[in-house]
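**Q** Below, each chain spelled out in residue letters.
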Amino acid sequence: MSRIKQDHSRFRQIVHGKIRKNLRQFISRGEMIGKQGNDRVKIPLPQIELPRFKFNSKDQGGVGQGEGQPGDSLGSGDQQPGQGEAGEGEGDKGLEVDVTLDELAEILGEELELPHIEPKGAKQVVTEKDRYSGIRTVGPNSLRHFRRTYKNALKRSITMGTFDARAPVVIPIRDDMRYRSWKTESSPHSNAVVIYMMDVSGSMGEEQKQIVRIESFWINTWLKSQYRGISTRYIIHDATAKEVDEHTFFHTRESGGTKISSAYEVALRMLTEEYPSSDWNIYPFHFSDGDNWSLDDTSRSIKLLSEHLIPMSNQFSYGQVKSPYGSGQFIKDLRRSFPLDSADCTLVCSEIDNRDAIMGSIKTFLKAGR
Amino acid sequence: MSKHLKIHSLPPDLWSWRKKIEAVAIEEGLDFFETVFEIIPYDKMNEIAAYGGFPTRYPHWRFGMAYEQMAKSYAYGLSKIYELVINTDPTYAFLLEGNEVVDQKLVMAHVFGHGDFFKNNYWFSQTNRKMLDQMANHASRVRRYVELYGQSVVEEFIDVCLTLENLIDVHSPYIPQKREVKGRKVDLPEEMMGDDAAVPRMRAKEYMEEYINPSDYIEAQKRKQAEEKQKRARFPAQPERDVLAFLLHNAPLTRWQRNVLGVIRDEAYYFAPQGMTKIMNEGWASYWHARIMTQRGILDDSEIIDFADRHSGTMVMHQGRLNPYKLGLELFRDIERRWDRGQFGKAYHECEDMAARAAWDTKAMKGREKIFEVRRSHNDITFLDEFLTPEFCAEQKLFTFAHHPRANEWQIASREFAEIKKKLLAQLTNMGQPIIEVEDGDYEQRSELLLVHRHAGVDLQDDYAYATLKNLFSLWKRPVHLATKKKSKDLLISFDGKQIHLK
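Chains as they are written, first to last, in this note's numbering: chain W, 1 to 370; chain D, 1 to 503.
All clues given are correct.
Pairs of lysine-lysine, BS3-like flavour, derived with a Cα cap of 25 Å:
id : chain 1 : residue 1 : chain 2 : residue 2
1  : D       : Lys470    : W       : Lys54
2  : W       : Lys54     : D       : Lys489
3  : D       : Lys503    : W       : Lys54
4  : W       : Lys18     : W       : Lys363
5  : D       : Lys72     : W       : Lys5
6  : W       : Lys224    : W       : Lys129
7  : D       : Lys489    : D       : Lys422
8  : W       : Lys367    : W       : Lys18
9  : D       : Lys503    : W       : Lys58
10 : D       : Lys498    : W       : Lys54
11 : D       : Lys486    : W       : Lys58
12 : D       : Lys487    : W       : Lys58
13 : W       : Lys21     : D       : Lys470
14 : W       : Lys54     : D       : Lys477
15 : W       : Lys58     : D       : Lys397
16 : D       : Lys486    : W       : Lys54
17 : D       : Lys498    : W       : Lys21
18 : W       : Lys18     : D       : Lys72
19 : D       : Lys422    : W       : Lys54
20 : D       : Lys470    : W       : Lys58
21 : D       : Lys485    : W       : Lys58
22 : D       : Lys44     : D       : Lys130
23 : D       : Lys422    : D       : Lys487
24 : W       : Lys18     : W       : Lys224
25 : W       : Lys224    : W       : Lys367
26 : W       : Lys209    : W       : Lys322
27 : D       : Lys486    : D       : Lys503
Chain D residues, not near chain W, derived (Cβ > 10 Å throughout):
id : residue
28 : Leu10
29 : Pro176
30 : Glu219
31 : Glu267
32 : Tyr269
33 : Arg341
34 : Glu352
35 : Asp353
36 : Trp360
37 : Thr382
38 : Asp440
39 : Lys498
These aren't lab readings, by the way, just hints derived from the structure by calculation.
In this text, all values refer to a predicted model and were calculated from it rather than measured experimentally.
Virtual Cβ for every residue (Gly too), placed ideally from N, Cα, C.
With the rest of the complex left out, here is chain D:
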């Protein structure tokens, strides 16, 4: 009943627009969950946005901080949240009360684009579509702990967990049974089983023994076995990228702490696909709002100027800022154009005549089909890796920038395609977070924790790393270490509970 009421909470004119836009979107081939629109005032909008879309989230001050920042920037007229859409089934979307009809129409079209992406993109295939309920469960659990153990205790613990929130393995949800434990292959004859020092030998007559199984070979085998045995004793057996999971299972935590850490980890995993597909998701939604509004008769003639103003407001590029809406939209359009004109495949790629390349048109008309395929299977990294072209970079005026230490300013570094692509991909790898793994949970056989930063050319920020290590210590309760590099030299940062050591 209440669900039913909500669907009709739109005023009649918007309701009929919603129906029309939905019909057009379906006609265009978009496929989304049932979508519930609600009109809410700006303070409610700020509130929901502060909670990351989930008004039922657990209590924590940082949501209050986000709220204050949003409320202030709204009050000063600096920014306004037009649209908020939640990846659940049904999909919930919020419209800002008091916006003009043209804004609401644009937002609806945009939302259906997001809805289609949420439902069909592979990287969202593992998300919990009933996350609203789960978040509410998380919240009530945290509230209960607050009642039992006191606000500051629980809050401090959440703070600690949040500093480690980015240490998850974003790809693990897509790998079925990631850690299959295989028994070690044993090729010892049966009578020698269980004898660790035994080495498999070839059967040989006694006088041939030294030739068939030479003693240096036997020695080498023994050494190899000993090494392997040591490896087996390693903990974790392989470096563990999901640091939160490792802590969840191995850190000396009480039950409620384990639960809270689990909550933080679950939510981090829920939001991860959105981080992995930001450019595509916004690009896709923008592609569709532009198309539905301008080419499908949704936009009234009198609204064109307002529409153009809003649209360009979203697409604006500031120097030195990469706008995911703009980049995604342009790249989708570029793909559509290229596949319409047949600018793909061996013949096109081997063509070195620039004029011929530019004029290339086989009338393949595969563009629409291609972009739907792309939105199904790609994430930001593969999207850019596969479809970014030198022509596109030049057209979009992309560049890389770097910090110039002597002038203490940021400068444009290069407009080379290879450089731009490399930087972009590096920036998107692991959602722009450093890759950090648990290397050893029994470092130096003293139950100390060793994390390794898989250094890929960019150093960590020192002060943040120190502070985070201190928090990690408060979970592990034994000295913690982080192996990284600084200025290309190996560096081991350790915290022993009292102070930071650098080695």
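Excised from the complex, chain W in its bound form:
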């Protein structure tokens, strides 16, 4: 390993450690959400910078070059305009580091001591891949193995005595030709679907939704690291339920009442139509503040859960976010109806009182490794 690779991997290790150490804080502040690219996030990590005695840049000011009148703005914010000079590699900025979602999942897994998930029913889904792994005597010219071919030709001409070391000319004939060959390998492949359901009735406020958002970001990060292909669906509900996209999911606010069963029905329809449980690992998550309109609907919801949703799913997770308006009743009803403490029970409930509770709640949901 080259020197810079060593120093670089040491740097990544330190980043890893710092994130892990401050994970609770990162999670509760929700810092990385919104700084998310396709497969990586930017994390502000000023802790990694080496401090030194230096001037307060706001107090210092500086000299610049260009047009403008005294009083003209050069830009706002904490950072000096044009800090760091041309041709200079370093600039002391508020440090941000890039971390891939896989790395983040690894850190989360380490810190929360999460077990890896044992996918179920996965063997049916098989992907096929071709790999060049051998040599054969027939094949298309595009796969000709030049070196092997000439080696054979050389061997043949030596054994036949036609090879002249002073004028080394080797001409391959048909029998000398060698071609690459491939093998088709099939590997089992498992798919997962995550369904997020959220109560968007009037009693769920901005903060409650933010909590759900943060929690779902981390759950997604973890599940993505466990499955190669993962699809995510979103359902919102008040008295009625509908499927929405991610943005709408986190930004809708309705004022109606709450019928939990409506969401469960939509989810059930979605699952039976699109995700047969024999092929898919199914993870429904439902977040609400625990309010439900009527006892009737509660018993209807419980019935849907026990007869359909729970048996289909790897695990059904219910997170109850504390809100000043909600009664928090639903979780009590669930506790009464299901043996939540038993190890076989694939319904997992968690109460999330505030942002600090998110980390614990994530652990509750994911610790079974289902």
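Position chain D against the provided structure of chain W, taking the given hints into account.
**A** Using the frame of chain W, we list chain D on its own:
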């Protein structure tokens, strides 16, 4: 043998360009060490740049961090390092593989400019030109400590040292035997030597004693002596700007720690002259690449557009950013022009007729001679102090900017020459680092350490100062204090091992 091979690692066409450019540079009067060019791919370039030019440096994660940032910014097409030159003898310079020939020619011309500056500028006169070897020695020492004491232990210690890295006395290498210890002058008669309470008296007859040596005078003398004695007991005797050296000698460190601190200090001193001459050095190299390329037939007609594009890319000025390449180049050209036209000396400076000043031309033609003289003896501060003129500031559109707290934005503050010059010089003083000295290594007679920030109008950044003090404590192992000012009021920041106190 290997050295020989390296010299010829350039492909033939570049090799012949290198020869041609070198010949032109020598003809123009540049004087440099033997220069070895190597062509390297971008990842190698990033790697060497991350190590500050020395691929043999000691292992530390911050080089990895720098590498990641450079690699990323290269990958996104944000920046590309064209050139890297190391101040050693022979001088090593790296060219980026895959660049166009015109780029490589420009870089070579630029590198010879740097080489001349490294060799001839006074501020580089004390640098170790065999630094490659020394860095390699440092590295193997650090590696050995890592093996002996474990990576995290050594690494944490290096981190601590690095936070204090800027506390050196950049001028000390140029002062021969800075601290000559002189014996105290004693003018006591011999029989009274060793008697601390004794005061030298004039010889007088007994009845004249009170008049010749009045008792209040004797008392005053005694007091003065006592004060002096206390001063003598001070430690360090004079405030010590080289904080690292003071710690090296006086902090309770183990031997390997002392060695590591010494490594950090040596390297800080090695890089200091480059920090002190950034504007001049880049300006000088740019002056020469422009001249050699455009006026000495190195540039082919077909390459003019590409050359102009690269050159202006280096010279670009962003609003609010001072480009050392641009400022240095323009100032050297300004000096050359002024000395060519005789715009210096008493008569010129006393002339108040602006039109006459602008048209001033005595055909002195001393410009070339002057800039060579300037590159020999000046550093950025003296360079700007002596040659920055109001006309130049106006022409270059320089301004000062300041932070406007209410709007939370940066605004252009002034275009006054005096203001600009003052700000520039302040910015360059001590390479833009606060001046901090060891005032007392036995503060309050409790072996505590007192540092003093020589406040020159700009406050320190609080959070950084606190964190740095904590690191200092981990070396000194007794409470540490920093006397500074905040909003013009005296402030003593202390760290006692548990928490920060402000007084």
